[in-house]
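Please model the entire structure based on the sequences and the hints provided.
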Amino acid sequence: MSDAIYKTVDVVGSSASSIEDAVSGAIARASKTIDHISWFEVGEIRGHVEDGKVAHYQVGLKIGFRLD
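The sequence shown begins at 1 in full-length UniProt numbering and counts up one residue at a time.
Simulated from the structure, these hints should not be mistaken for laboratory data.
You may find that some hints are simply not true.
Each computed BS3-like pair below joins lysine-lysine, with the alpha-carbon atoms no more than 25 Å apart [stated by the list, open to error]: (1) K7 - K32; (2) K62 - K32; (3) K7 - K62.
Listed below in structure tokens is the structure:
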């Protein structure tokens, strides 16, 4: 295994469906402009409640990617 250098960015994914969809959507969108994404870390989970039900999820992510 060779040495590598990584950089991180913070993003927030959102979804009306689930936490998993919020994470997946954030990774999919970030991968359009960031190459070599290697990992992610969930830092925050938030949501919005309407009429006593979860209406929306927000997930704060740290995304790590390898620099060329």
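Hint check results:
Under the criterion of a C-alpha separation no larger than 25 Å, the hint pairing K7 with K32 is consistent with the structure, at around 16 Å. A hinted pair counts as satisfied when its Cα atoms are at most 25 Å apart, and K62 with K32 qualifies at roughly 16 Å. A threshold of 25 Å between alpha carbons decides the hint, and for K7 with K62 the separation of about 10 Å falls inside it, so the pair holds.
In this structure, every one of the numbered hints holds.
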